[in-house]
Amino acid sequence: MNRTEPLVLGIETSCDETGIGIVRGTSLLSNTIASSMDEHARYGGVVPEIAARAHLDELVPAIDAAVAEAGIRLSDLDAIAVTCGPGLSGALMVGVGAAKALAVALDKPIYAVNHLVGHVGADLLRGPTSTNDTEPLEYPTIALLVSGGHTSLLLVRDLVSDVELLGETIDDAAGEAFDKVARLLGLPYPGGPQIDRVAFDGNPKAIRFPRGLSQPKDMAAHRYDFSFSGLKTSVARFVEQRQDAGEPVPTADVAASFREAVVDILLTKALAACADHDVPRLLLGGGVIANARLRQVATERTDAAGVVLRIPPLSLCTDNGAMIAALGAQLIMAGHEPSTLEFGADSTLPVGQIQV
Amino acid sequence: MLLAIDTSAGTSVAVVDLERGIIAERGEPDTMRHAEIVGPFILDCLREAKVTSADLSGVVGGMGPGPFTGLRVGIASASVFALGAGKPLVPVISHDAIAYGHYRRGHTGPLVVVTDARRREIYWSAYSEADAVGLPVRVGPPGLAKPAELDAPNWQHAGWPRLDAATVSAGELGLVAELSYAHRRPLAANEPLYLRSPDVTLSAGPKRVSR
Ligand SMILES: [Zn+2]
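Top line first, the protein sequences correspond to chains G and V. Its first residue numbered 1, the first sequence is counted upward by one per residue in my numbering. Its first residue numbered 1, the second sequence is counted upward by one per residue in my numbering.
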């Protein structure tokens, strides 16, 4: 196996994106994504069974497309990497079964890796579709990973050997909160872009929505944890009061104020982690990073705090197979042995377990 | 020579050949460990049969019917193995393997194959006979039913001998594929037989939080 610049195919099926990525070392050769998002729209959120069915339908076409785009043959690969958790169990299993079969068919080693750590690995990729041609990621770094499936704060001392979970959401993921509040405001799924659009004309200071787990009493047990269900309920109550009073709901102000609360709590906790651990670096990842206001406030606040901010290109922030391939390549380059074929899908895989 | 994979019940993997029959087979009735064991089973079967993917002429996938989470693991494995090996995927209906095995062991005449669909339902397929080459003749597509429906005297196949199966042999699945190919019988469609829509209920809208 080439351990200097390994050619790795990554398979990601933890949520609603079927992601196939191909990398050579840190060079991105293909980031092929088939999303079932449209099929979930009428239900207002990801339906696990619909996502899993879509993965099975999309897998072979996506691998074909990725191989064609990368201009390689499957037999050229040095290894297969696959997300084995955390994520939706039935969805993960499709990728795990497929990855094992591919590894045996090609007689190649397989690396079963952690989805969340993969989000951090995305930042290492360079190539035509990655504009991130700056200096390499430095350690340690704090990583804030925000999507419809997870909201996690990580301390990454080393990508392949030392990742610590500082905190995570204790109820909804931030992306889910966007979806639920969008529904309250009569906006379609997915909620993030809709809230962003409506919030454009709104006043983010119009309504003071609560910041979950930020009271002094929360700071001991939940210093780096997040909670968005109270915020969602608070928005619902506000909307109902207006409706009950027969008054118009100030949708733009609600959207802007809600978004401000989410962005505020995410960055307050992330920057607290940077300060507490004396780590002047913050990396963002996950689909919610597409939110323009989050990126804007992140830039302002990290500048003010003297923290270096890194945001991978958006195509690598949303769930994708390239980040999984990138993490697999890093493990190979660091001399790690492949996974044995017995691993399963682990929907609650702890973030400290980088490889299974 | 074919590699065959079925996860419509437990997990079963085999290497088969028209002349030599079932050359290697691994089975596990546990319905909770498909993703874990499918990889080792494929490797074991290939090693025991002393073949590599290049020696195969195709990969057989059991299309169900079967409970969806497990069923998908085998179909994903078979499809992607076929892609990796550069061989065709050969879809076979899993119940046909059960029926084929039963006829091969001496059964004659009509037969109803029944497997567990969970949620107090069953999957069934009805066969009129085995044909001259031993392939079961299914009289229609597999169905999903409440157990009581098959017991009703007016059920369309009432009185036919019934076989309740808890496992599917990938070896027999593979032999159905070999025989179908050799005798130019049509293959199944390349689509999983879930026979159930994804259970989702459309929400009536957000619930009130204040009273
Ligand atoms: Zn993710």
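Note that these hints are calculated values from the structure, not bench results. Heads up, some of the hints might be wrong.
[Unchecked claim] Okay, derived cross-link-like pairs now, PhoX-like style, lysine-lysine, Cα gap no bigger than 25 Å in a straight line:
1. G:Lys108 x V:Lys207
2. V:Lys87 x G:Lys108
3. V:Lys146 x V:Lys87
[Stated by the list, open to error] Here chain V is said to cover these stretches of chain G; the calculated rule only asks that three of the stretch's residues, wherever they fall, bring their Cβ under 8 Å from a Cβ of chain V:
4. 89-102
5. 148-157
Beta carbons are placed, not taken as given, at the ideal position from N, Cα and C, and that holds for glycine.
Checked hints:
1. Under the criterion of a C-alpha separation no larger than 25 Å, the hint pairing Lys108 of chain G with Lys207 of chain V is inconsistent with the structure, at around 51 Å.
2. Taking the CA atoms of Lys87 of chain V and Lys108 of chain G, the gap is about 17 Å. The hint holds against a cut of 25 Å.
3. Our distance criterion of 25 Å between C-alpha atoms is broken by Lys146 of chain V and Lys87 of chain V, whose separation comes to about 39 Å.
4. Using a Cβ-Cβ cut-off of 8 Å, 13 residues of the segment 89-102 of chain G lie near chain V, which meets the minimum of three, so the contact claim holds.
5. With a threshold of 8 Å between beta carbons, the proposed coverage of the segment 148-157 of chain G by chain V is violated, since 0 of its residues qualify and at least three are required.
This entry does not satisfy hints 1, 3 and 5, going by the numbered hints stated previously.
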